[in-house]
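Using the sequences and the hints given, assemble the complete structure.
Top to bottom, those sequences are chains W and C. At position 24 of the first sequence (counting the first as 1) the number is 1196 in this note's numbering, and the numbers step up by one without a gap. At position 38 of the second sequence (counting the first as 1) the number is 438 in this note's numbering, and the numbers step up by one without a gap.
None of these hints come from the bench; they were simulated from the model. Careful: at least some of the hints might be erroneous.
Claimed, not checked - Facing chain C, according to a computed beta carbon distance under 10 angstroms, are these residues of chain W, among others:
#1 1197
#2 1209
#3 1222
#4 1228
#5 1240
#6 1242
#7 1244
#8 1248
Note that the Cβ used here is the ideal one computed from N, Cα and C, for glycine as well.
This is what each chain is made of:
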Amino acid sequence: MSTPPTSDVACGSQHCITCGDVGDPSTVVAVDHDRELALCAGADGERSTVEIALVAPVVPGDVLLVHAGTAIARLEDQP
Amino acid sequence: MKFVDEFRDAELGRALAGEILAQVQPGRHYKLMEVCGGHTHSIYKYGVDDLLPANVELVHGPGCPVCVIPMGRVDDGIAIAHRDGVIFTCFGDMMRVPGSNGSLLEAKAAGADIRMVYSPLDALRIAKQNPDREVVFFAIGFETTAPSTALTLKRARAERVANFSCMCSHVTIVPPLRALLESPDLRLDGFIGPGHVSTVVGARPFEFIPADYGRPVVIAGFEPLDILQAISMILRQLQEGRCEVENEYKRVVPYEGNLRALEVMAEVFELRPHFEWRGLGFISHSGLKLSEAYAELDAEQRFSVPGVRVADPKACQCGEVLKGVIKPWECKVFGTACTPERPIGTCMVSSEGACAAYYNFGRFAREREVV
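And the structure:
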């Protein structure tokens, strides 16, 4: 059987944004400290505005785990 | 990209597969449940199951938030969406979940103003851009998504966005796991713990699984090497007679979770006495609603909703799939009457649903050589 079209046409990607399986590691490009928002670049280079209240303070270059527009963790080198 | 590429290394994957093969006892059948739909998706996207011995079986758990939304909640959302002046917003996956009389996508085609958003912040932005309309966000998801909703509600209140409200259908992961473990028809040897839920709640909430039910848990990331490593760690526990919660995903998951996220959730939400899960029925203290302090932003208080419980379609076996009792392809309507394009059950809707993962990646029942 040939592979049918992906189910998540509305999402436009291979994973569900609700659960955000890959949790999109994103690199901080710029920070708006007053509004607790950051401009981040995903693995594919696409940029988006991310809520950083749960992981602040962050600086450009930090890699964040972004879930539904909110950073829920900072990625650290594994011990 | 750092933190991604190194966890997709084929050579390391083969080495881990060899480790797993060396750990299994011939003649013993191992059933491991991956709790999270994200793991299910990764397993079939990367063909992780093909690297496992035939006597290591992966059972798909209830951790896809779209898949567990009952039809009655979809009907409630559609009822709000049809109200005059309402802009109803939700994640893309949710739009195709069937209610008793169609999906949100069909309601949109019938004229309701329903918009897909990528985050609750997008919904808040729409509310600010449309001050003369009521904007409702249909919030679903486990503890991974709940902090995002909570922060948005705090922001809405601080910025006095009076036309924004939230229909809260967030759920929590521990009560359904306990319900599953109490289920008499389920035999499991261990759990691959949900990586991103654990980022928020930490590892501690899963300690009841080894303590009360004698099953090991390994919290895992979502890259193929993460999953293989977690399987290897579970098998090692079984081999050594240990039973504990281990954390494979230390680069993201702190033992205590994200305390700021837990604080904001505690402020904005409170537990419902009970919540209905698709296929699993009502589970006590498993759903979240807005706390008294945020009641003014609760869409279910702002608009009346039918609130009617709707039974799942008879042909649909999502419940058994969610409990791991049957494989997706064993469902009577899998791939025939129920497809990702025209889903009957929720497991076929989201790409993280077990049925859609099987369907999209062409996985079907097949014999594998027993080790």
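We went through each hint and held it up to the structure:
no.	hint	in the structure
1	1197	5 angstroms, holds
2	1209	9 angstroms, holds
3	1222	9 angstroms, holds
4	1228	9 angstroms, holds
5	1240	4 angstroms, holds
6	1242	4 angstroms, holds
7	1244	5 angstroms, holds
8	1248	5 angstroms, holds
When held up to the earlier numbered hints, the structure conflicts with none and fits them all.
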